[in-house]
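K.L.:
Sequence:
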Amino acid sequence: MKLQLTANTLKSRAVGEFAFQPMPDLKHLQILTAADTEEVLSFLKIRPVQTVVMTSFIQDNGMENADNRGKFYGYRSAAGKLEGVALIGHTTLIEARSEDSLTAFAVAARQSETPIHIMMADGKTIEAFWRHFTGDNRPARKVCTELLFELNFPFFVQNCDWDVRVANADELEQIAVAHDEVAFIESGVSPLQKDRAGFLKRCLKRIEKGRTFVVFDNGKLIFKADIVAETSDVVYLEGIYVAPEYRGQGVGSGCLSKLGQQLMEKVENVCLLSNVEFAAAHRSFVKAGFKNTDCCQTIFV
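Heads up: the sequence shown at position 232 corresponds to 232 in our numbering, and the numbers run straight through without jumps.
No lab work stands behind these hints: they were computed from the structure.
Since the model is a prediction, treat every value here as computed from it, not as a measurement.
Glycine included, each C-beta is placed from N, C-alpha and C at the ideal position.
Among the clues, some could well be false.
[Said to hold, decoys possible] Here are the simulated distance ranges between beta carbons:
#	residue 1	residue 2	range
1	E208	G62	13 to 21 Å
2	N65	S98	23 to 31 Å
3	K287	P115	36 to 44 Å
4	N61	P244	32 to 40 Å
5	E181	Q59	24 to 32 Å
6	E171	Q59	22 to 30 Å
7	P139	G62	30 to 38 Å
8	E181	D67	19 to 27 Å
9	N292	D217	26 to 34 Å
10	D67	R196	17 to 25 Å
11	L26	E64	16 to 24 Å
Starting from the given sequences, assemble the full structure and let the hints guide the process.
P.N.:
Here's what the structure looks like:
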């Protein structure tokens with residue numbers, strides 16, 4: 001049975017319900033540097049879909065870069081073997097393969113210099129991480145169950161006459177407004193209102209990297225999708241947007257199918273996450289050829 005987690009259950013469960021592990025040896029916790037890059041990428045490659053974002057950040061920015069909006073941590077066994085890797089910062093991502101590594105990352109997260117906005121991992125992992133992070137004393141602002149959708153060969157390709165293309169920098173304003181709408185629905189926070197300059201800068205960076213794909217009709221943005229992370233094996237999409245007056249007409253599924261076909265020319269797998277409550281969007285993803293293969297939990301702090 002899939003684990004379902006809500007902010008209320010996080011708040012109401014008593015500490016006694018859980019058997020907390022003894023504190024791990026924090027000497028085995030380290031901030032990762034460029035010297036660790038090859039080892040970390042090999043560790044993450046074991047689960048390429050689940051770790052695509054961390055891998056992409058490392059390949060794009062390196063282990064130590066302000067654009068990661070956080071720091072990479074590793075936890076090692078007594079023998080020096082990696083047991084977990086985490087990016088701790090604005091978007092906190094956990095790949096912990098031992099209870100000690102999970103607990104140690106929670107300790108590091110409490111001391112993060114970068115305010116944490118989102119925590120992501122599979123359901124059981126993120127629930128345990130939150131308990132260790134808060135001591136069960138603070139509820140999450142919002143908790144979402146996210147379904148993982150994957151596209152890989154073979155899949156049925158829809159006919160799509162729309163021109164799905166890479167965005168241009170002069171289209172930034174419409175793209176940012178659309179992405180802000182998607183982000184607000186998901187998180188309850190408008191990045192345009194919270195940090196307009198920073199948000200526009202990040203949107204422009206994706207456009208300049210050729211990672212934002214759009215369809216326009218008479219000068220109006222009607223479809224958008226972003227590559228948030230990319231490796232040699234996997235492309236991870238987010239910010240799937242269809243203009244309100246074009247919804248329910250097959251525009252989203254057709255454009256997404258066409259984009260997926262383009263992306264599958266260079267990778268083996270295209271994936272995206274979507275809130276479990278967005279049933280209409282899920283039907284569109286399935287129609288585009290995606291299959292629901294897993295779920296994870298996202299905590300908005």
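K.L.:
Taking the hints in turn, state whether each one holds.
P.N.:
Each hint tested on the structure:
1. E208 with G62: 13 to 21 Å: holds (18 Å)
2. N65 with S98: 23 to 31 Å: holds (27 Å)
3. K287 with P115: 36 to 44 Å: This hint holds: roughly 39 Å between Cβ atoms.
4. N61 with P244: 32 to 40 Å: holds (35 Å)
5. E181 with Q59: 24 to 32 Å: holds (29 Å)
6. E171 with Q59: 22 to 30 Å: Because 26 Å falls inside the window, the suggested range holds.
7. P139 with G62: 30 to 38 Å: Between P139 and G62, where Cβ atoms are some 36 Å apart, the hint holds.
8. E181 with D67: 19 to 27 Å: holds (24 Å)
9. N292 with D217: 26 to 34 Å: For N292 and D217 the Cβ distance comes to about 30 Å; the hint holds.
10. D67 with R196: 17 to 25 Å: Since D67 and R196 have Cβ atoms about 18 Å apart, the given range 17 to 25 Å holds.
11. L26 with E64: 16 to 24 Å: Roughly 21 Å apart at Cβ, these two residues keep to the hinted range, so it holds.
Every hint, counting from the list given before, is met by this structure.
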